[in-house]
Amino acid sequence: MVKPVSVFVLLVVLCALVLALTHSVTRGRIEQNRARQFVDSVNALIGQQGPLPTMRWRDDLWHLCNGKALIRGQTRGYGGPVRWLIAVDLEPGTPHLRGFQTSAHQETPGIADFLTREDDPWLQQLRGRNSQNLQQVATLTGATITSRAVLAAVADALAHPDLQNVQCEP
Amino acid sequence: MRTLSEPPVSGLFRDGIAARNPAWVQLLGLCPLLAVSTSVVNALALALASGGVLLGANISVSLLRRWIPDFVRLPAFVLIIATFTTCAVLLLEAYAFDLYLRIALFVQIIVTNCMILGRVESFASHTSPGRAGADALGTAGGFALALLAMGAARELMGRGTLFANMDLLFGPSAATWQLTLPGDPGGLLIALLPPGAFILAGLLLGTGRALTNKGQP
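Heads up: the sequence lines are chains A and B, in that order.
Read in order, the letters of the first sequence are residues 0 to 169 in numbering that gives the first Met the number 0.
Read in order, the letters of the second sequence are residues 0 to 216 in numbering that gives the first Met the number 0.
Note that these hints are calculated values from the structure, not bench results.
Quick reminder that beta carbons are idealized off the backbone N, C-alpha and C, glycines included.
Do not take every clue at face value.
Which residues of chain A face chain B? A few of them, derived with a C-beta cut under 10 Å, are [claimed, not checked]: (1) ALA15; (2) LEU20; (3) THR25; (4) GLY27; (5) ASN32; (6) ARG33.
Just need the whole structure built from these sequences, with the hints factored in.
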């Protein structure tokens with residue numbers, strides 16, 4: 000009984016060493032890749048190119064200081080939390096939605112695919128809505144709970160208490 | 000390395016590709032086969048990752064076969080396969096990130112691919128590393144053949160292209176490898192969707208079996 004167990008423990012240690020080695024070799028590149036992907040996705044969300052201002056999240060709010068702000072958060076969907084990143088235009092008029100992006104979700108595949116489709120018509124019609132006319136949007140048939148989670152996310156983001164309180168000094 | 004040139008070893012390689020083909024003879028690994036084969040580049044990446052994991056697992060288990068107690072062999076095998084799978088995921092994320100974003104889920108579930116545990120348990124744990132390696136190469140080659148056939152057929156029918164986006168795997172110079180059907184006919188969407196995958200997989204299994212069992216009823 001002792002021998003099989005000790006051999007198995009040795010094997011576990013060996014496997015952990017192999018993993019640690021691979022991790023240390025790949026870590027730098029993986030972090031670079033993830034950072035690049037984040038910049039790309041934020042640029043796609045706000046519809047511009049180039050480097051971003053220094054990242055400064057405060058209560059999940061990041062003022063980009065050009066009339067735009069990013070808000071991140073999560074709302075409850077059908078299969079668990081839907082994590083999102085939302086871009087808001089502060090002007091003209093009241094704050095309104097610029098872009099919505101799902102960063103992680105566990106919704107039903109197929110039914111909730113609209114979450115990650117950039118040109119989805121249901122998501123497209125949310126663009127430009129403020130907290131008032133957002134309420135006129137009907138949920139998506141067949142994906143009621145998921146689309147309700149998206150609407151709640153946008154409402155949450157537009158209701159962020161510090162949204163208008165722009166702080167851009169270093 | 001003399002053993003590698005002996006007939007039984009090359010036979011092992013051939014058997015893995017044809018007579019014991021994991022996809023159309025043993026019907027193993029069908030989930031990734033159907034899910035990832037929407038284009039040649041996806042299929043090739045999964046074939047390379049599965050093949051690498053199978054080769055690593057087969058050789059390691061063969062090297063360790065005298066020390067692994069029979070009593071805990073299955074947990075030990077799964078542990079070894081999971082280690083290689085995790086390494087494959089990390090390498091993919093580091094060196095082919097855009098491809099990682101597309102097929103990461105199916106690389107992660109290589110660990111549950113019965114094809115690999117099957118070869119490790121029924122073959123590699125009773126034989127020398129050279130023979131285990133040859134067996135892994137043959138089986139991986141057979142799986143790759145099935146994946147690439149599906150990937151090529153679905154990409155050609157679904158998008159009207161072949162070898163598109165190969166730069167995701169081979170760097171920017173491979174971006175020009177793409178072949179487009181003359182006249183740009185566009186695509187038949189069903190080939191890219193799951194129902195089309197099932198229909199094409201049926202045709203592939205039938206063709207593969209017909210070629211493998213030539214002369215038999």
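Now the hints, each set against the structure:
This hint holds: ALA15/A has a C-beta 8 Å from the nearest C-beta of chain B, less than the 10 Å allowed. Contact between LEU20/A and chain B, as hinted, is supported at the beta carbon level, the nearest pair being about 9 Å apart and thus within 10 Å. The beta carbon of THR25/A comes within 4 Å of a beta carbon in chain B, closer than 10 Å, and the hint placing it at the interface holds. Checking GLY27/A against chain B: minimum C-beta separation of about 8 Å stays under 10 Å; hint holds.
For ASN32/A, the shortest C-beta to C-beta distance to chain B is roughly 4 Å, which falls under 10 Å, so the interface hint holds. Hint on ARG33/A holds. Least Cβ distance to chain B is approximately 8 Å, under the 10 Å limit.
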